[in-house]
Amino acid sequence: MDGNAPDFAAASRAALADPQLRGNFRRAMDGLMSKRAAQFADAGEWTGVRALAASVRLRALSKLPELLEKLEETCTRNGITVHWAATTDEANAIALDILHRVDAKLVVKGKSMVTEEMHLNAVLEKDGIEVLESDLGEYIVQLDGTMPSHIIMPAIHLNTKQIAHLFKRKIKDAESREDAAYLTDLARRVLRAKFQAADVGMSGVNAAVAETGTLCLIENEGNGRMCTTVPPVHIAFMGLEKVVEKLEDVPPVISLLPRSATGQPITTYVNMISGPRKDGEKDGPREVHLVILDNGRSSIYADPELRDTLRCIRCGACMNHCPVYTKVGGHAYEAPYPGPIGKILVPQIEGLAKRGAMPHACTMCNACVEICPVKIPIVEIMGRLRVEAVKPGGAVKDGGAKASRTEAMVWSGWAAMNASPTAYRVATLAMSKLGNAAPSSLPLLKEWTNVRTKPRFAGRTLHDLARAKGVPDV
Amino acid sequence: MSDARSSILTKLRATRDAHPLPPPASDFAPIEAKRWPPEERLPRIRRLMEAVHTEFIDATEADWPVVLREFLAREGVESLLYAPATEAGKRLVEGWESAANPTLIPYDRPLEDLKPQLFESIEAGFTTTRGAIAETGSLILWPTAEEPRTLSLVPHIHIALLRTDALYDTFLQAMREQGWAQAMPTNVLLVSGPSKTADIEQTLAYGVHGPKRLVVLVVHP
Ligand code: SF4
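So the protein sequences, as listed, match chains V and D.
Residue 1 is where the first sequence starts when you use the UniProt record's numbering, and the numbers rise one by one after that.
Residue 1 is where the second sequence starts when you use the UniProt record's numbering, and the numbers rise one by one after that.
Since the hints were made in silico from the structure, they are not lab data.
Here the structure is a predicted model, which means the values were calculated and not measured.
Glycine included, C-beta positions come from ideal geometry on N, C-alpha and C.
Treat the hints loosely; a few may be bogus.
Stated by the list, open to error - Taking beta-carbon pairs under 7 Å as the criterion, some of the chain D residues facing chain V (in silico):
id, residue
1, Arg149
2, Phe171
3, Ala205
4, His209
What the hints assert, rightly or not - Each pair of labels, with its calculated beta carbon distance range:
id, chain 1, residue 1, chain 2, residue 2, range
5, V, Gly31, D, Pro84, 42 to 52 Å
6, V, Asp18, D, Gly179, 53 to 63 Å
7, V, Arg460, D, Ala51, 51 to 61 Å
8, D, Pro110, V, Glu125, 23 to 33 Å
Bound-form chain V, shown alone (with noise of 0.2 Å):
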């Protein structure tokens, strides 16, 4: 592991010795789960919109470079200014342009996973600029100092009773109550002076309709609307992934992504913007710029195999269903986006050097797969990574950076155990005699035990017990 790489497996056994922070996971996504499956207790239904939602997907990325021309074309013709970025540097400048240009002190922020992926924050502040996020997660995660654990319930990690400890220390007359409502409020008054005074409102996009130059953010707050309605700027920023064909394309998704994220049957607010303030119009930015960002997403979709990353809707559901992502949370992948889809997406953005880890803190349990509204098959494109970070050549940055002596011959080991009948049964005979009586601190068997129960080894083996069942041995 290179030094500033982000150690998952370290980071894991810290999380999973937080006895609060697994209960806090695990009754947040026990209710998602439940809330999730009774927005599709109607099978034909969910078979049917997802196989839509997939072909929506699908058939943007098919057409990917003239539907961001057109997008381009559609966005300027409304009067939004449209930006490309190859990086996230590129990117980071290109808001620092429109920031210095009108002079902004202050900038609201709605929630967008591509500004924490480019870190916008950090570039913002050493600029001298201060910029609030609004949506009340990611305010009460930026007020800790710390980063989002989920990408759609950022601060899931942490308890009323943490939250109210935060806000008294953070806020100035905040009083010392353990309660949802008032906390919620008390962010509300703070935010809301915000709102009125910032320069510039910034957002992500959940999806960009290239035939009429709109960008459709959905949300609960309103602070999406608070952030792209009344400063007089607004910058939104997208992957360049997230366009569709039509406007038609859209309700799909929009049916799709809060049934499949909270279990809501649609999001408070739906919100399609095509434009800055026309003449005459009383309110809305005077100004509505588009950042496109690559960031090794056009690698990503050289691949054919890999490409169908880029059909994720960002929904969460992989997330909240992962048995690896429940128990650790999200802090243990120090990664813009945790979960399945990040473990998949993170690794081809930034190198196998830096993440070959993340692709193997995956059970291929399969749940992911299951729920993905997108039909996307992340324990397949998992298991290509595990193979890219050993092997070099591959698509992926950084291939064949894991690469481990020990590990091959481990394995080669494997192999050759598995070839040979005598081999075989010796070692299969010897964990059934002998692996009951090993002691739970023995090293390997030691990172499981020390936040599981030690398995049982069976006293006969499988090919004892069929045999007796008369089945006959090869």
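Based on the hints, put chain D with the ligand in the right spot on chain V.
Showing chain D with the ligand alone in chain V's frame:
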């Protein structure tokens, strides 16, 4: 950054052409199949929206301004922002001047001139709608030069006038029948309740940034 533009597009085009992806057909039938008998649409909208704390009041074409005035008086609302140039705005002011009514504030200036008042003192905002959607319980808001966006966003109470002749089964159907793709305005919105959040330990709290209350004034024929 036009360099970025051409290098991104060139790469996407070259790699896509090397490994073409045939565009799949999109079958919209599963959404088109979502239908409710006309008489069930409004009750469904109401049920779904009430489940997320939306309030409903019923009126007729003849009496809705009076019904609204009485509601505001009952709730102790002291100021109402409205759009004076719209048909509904003109109807609203007729007969308003009796002393007991809340103060009517016309949205007749750019936002910049109204901001402090809008954020600090105005209690309610009144808008029309372009209909509602039965599948999800959503109002369609179509802000215009006469009826600005912040009317439905900043005041603590948003009152939305809904005529029952524009109820749709789905978002897709509304979009198609109203011909949205031909002429999108600066902003279109679906609104399905008052502002809410569950960011603090999954506990639902209403009125986080937008309106704390959403009141639908249903105008029956
Ligand atoms: S991979 Fe699928 S389930 Fe996960 S966030 Fe993306 S769309 Fe949702």
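Going down the list of hints, with the structure as the test:
For the restraint placing arginine 149 (chain D) at the interface with chain V, the shortest Cβ-Cβ distance is roughly 5 Å, inside the 7 Å limit, so the hint holds. Look at phenylalanine 171 (chain D): its Cβ gets to within about 4 Å of chain V, closer than 7 Å, so that hint holds up. Restraint check, alanine 205 (chain D) versus chain V: the minimum CB separation of about 4 Å is within 7 Å; hint holds. Using the Cβ-Cβ criterion of 7 Å, the hint placing histidine 209 (chain D) at the interface with chain V is satisfied: the shortest such distance is roughly 4 Å.
Evaluation of the 42 to 52 Å hint for glycine 31 (chain V) and proline 84 (chain D) yields a pass: the beta carbon distance comes to about 46 Å. Aspartate 18 (chain V) and glycine 179 (chain D) have their C-beta atoms about 55 Å apart, which keeps the hinted 53 to 63 Å range intact. In this structure the supplied range 51 to 61 Å holds for arginine 460 (chain V) paired with alanine 51 (chain D), their Cβ-Cβ distance being about 56 Å. Checked against the given bound of 23 to 33 Å, the beta carbons of proline 110 (chain D) and glutamate 125 (chain V), roughly 31 Å apart, stay inside it.
The structure fails none of the hints (numbered hints given earlier).
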